[in-house]
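Student: Sequence:
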Amino acid sequence: MTASLPWAQRLLQRRRELLAAAVAIAVVASAAWLWVAAGDGTVTYPTVPAGQTHHAGGATWTLTRLTAVNTLPGGTRPVTGAVFVVADIQADLSNFGTDDFCSLRLHVQAWEFDSEVGYLPTDPMVRTSCRRGDRGVVSAAFEVPASLLDRVDGVVLATAEGRATVLAGRIG
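Under the numbering used here, the residues of the sequence shown are numbered 2 to 173, in order.
A hint or two may mislead.
[Unchecked claim] Per label pair, the in silico range of CB-to-CB distance: (1) Ser-104 <-> Trp-34: 30 to 36 Å; (2) Thr-77 <-> Ala-25: 58 to 64 Å; (3) Ala-32 <-> Gly-119: 56 to 62 Å; (4) Asp-115 <-> Trp-34: 31 to 37 Å; (5) Ala-161 <-> Val-70: 52 to 58 Å.
These are computed hints drawn from the structure, not numbers from a lab.
Only a predicted model underlies this, so the values are computations on that prediction, with no experimental measurement involved.
Glycine included, every Cβ here is placed at the ideal spot set by N, Cα and C.
Build the full structure now, drawing on both the sequences and the hints.
Tutor: Here it is in structure tokens:
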């Protein structure tokens, strides 16, 4: 007699199995949602307080200045509504590894901006890349919306050695 009932009625007669299946589905769905939410794209970095020195990649790094400018040396201008932020980092790359590299990105709350390609400072002693043995200022320029200037947190420094770090600083 049971075989002639519609499938929905047969399922309802097995209330414990139905409840167990529903609970299992709910647990799996909740776990999947939490796993996706944990990787929502927000990246956090350890932060070095403004003006303090950070050791990474066999080198030392100190963010010395963040400056907003409307024109880069050479006359490059930002798009309408944007400005350039120039970051100067005092670096001692004496012990920088031969296979090391550095990457600099401007950190603005939840956003990151890549450095401007072709930026050349007017001071010939200022570098725009990290080379083993160099000592002095490494500088990078970033094009950002002017409305975000008050939200700049600092510069994200990444080296081959490990995890990226924010060198904290404010424009001014």
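Student: Now tell me if each hint is right for this structure.
Tutor: Outcome of the hint check:
no.: 1; hint: Ser-104 <-> Trp-34: 30 to 36 Å; verdict: holds (33 Å)
no.: 2; hint: Thr-77 <-> Ala-25: 58 to 64 Å; verdict: holds (60 Å)
no.: 3; hint: Ala-32 <-> Gly-119: 56 to 62 Å; verdict: violated (48 Å)
no.: 4; hint: Asp-115 <-> Trp-34: 31 to 37 Å; verdict: holds (32 Å)
no.: 5; hint: Ala-161 <-> Val-70: 52 to 58 Å; verdict: violated (30 Å)
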